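A.B. asks: In case you want the letters, here they are:
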Amino acid sequence: MSSILTTLAPKRRALIVPMSGAVCPGRSIYEAMAQRPRQWGVDVYGFLPPFGVVPEASVGAFPEVYQISQGNQRALCEEMAARTRAWLELHGPRYDRIVVVPHGDYIGLWTLAVQGPKRSRRPPVEVASNIVTVPPHRSTGLRGRIFLNKLHKALM
Amino acid sequence: MKVFPTDPISIGAVAGAQLRAIRVLPDHQVVGCFDLSPHDVEEYLDRIGGLRNRLGYRYAPTSEVWVSFVVPEDRDDVELLVGIDRRFAEAVERAHRDLHSKASSIVSGLTVRTLALGYLDWAGV
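Taken in sequence, the protein lines are chains A and W.
If you read the first sequence in our numbering, its first letter stands for residue 5, the second for the next number, and so on.
If you read the second sequence in our numbering, its first letter stands for residue 1159, the second for the next number, and so on.
It is worth saying that the hints were derived from the structure and are not from the lab.
Treat each hint with caution, since some may be false.
Claimed, not checked - Here are a few chain A residues that face chain W, going by a calculated C-beta distance under 10 Å: (1) 25; (2) 57; (3) 74.
If you're wondering where the values come from, they're calculated on a predicted model, not measured in any experiment.
Yeah, the Cβ is synthetic: ideal placement off N, Cα and C, and Gly gets one too.
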């Protein structure tokens, strides 16, 4: 039943931005990426350990949980990759396009979650073809008009 | 794969948590009930006692997993509840299998610890 509803519901767009102390809601570098998409009705998510894909409103409401020292790195990576893959399976079909900014320490886990391990027979997640990556500009990074124009164009 | 970790989990300097029971709620939440045992009794009573005005609150930085503390009047036998949406739990289990992960439970000890400490920070105790 829920899959029928997901199919019938109007498709939306999502923007996923790996967050850190320097790139988070309220910071100018982040707001330059997220402000216009928000106005267009795009759902904006952070990509954060250990929870993976998290609505940006939650990051703003519960900042303390993302500042807790995480401990075991292997467990954290396994957890983050599995949760991200689960999120893509459950919530991915709501979106006809998911735009990701490949940036930050944990972005390799995003690729793992989407593609599965190398030499694995498991297929990529079903929504993999709806995922668009917009890499930071090689000299200006996340700043500058060239990157921002590409990002916003991908969401239009 | 287990839903919740069965090994003892350290909640910072406050207490240790040990899974006692699992319940399934009518709203499709699978809930792990953890017993807490204090590391330092005085600090524990101070901090946990401060949670009394937050009773019943589900601390949920992600929509899929939440924690809540149940603090009785006498502050003995405090329970930590950890809940996860059943559909999300099933998806995480499939993902762990797909990714050949060595994780032994769907909700890790790391998540329980992070959420419990996050709750205490958020509650300001």
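A.B. asks: Interface hint check: residue 74(A), Cβ to nearest Cβ on chain W, cutoff 10 Å. Holds or violated?
C.D. replies: It holds, given that the least Cβ distance between residue 74(A) and chain W is near 7 Å, below 10 Å.
A.B. asks: Close enough to count: is the Cβ of residue 57(A) nearer than 10 Å to one in chain W?
C.D. replies: Because about 9 Å separates residue 57(A) from the closest Cβ in chain W, which is inside the 10 Å limit, the hint holds.
A.B. asks: Any CB of chain W closer than 10 Å to the CB of residue 25(A)?
C.D. replies: 16 Å, violated
Checked against the numbered hints listed earlier, the structure breaks hint 1 alone; every other hint is satisfied.
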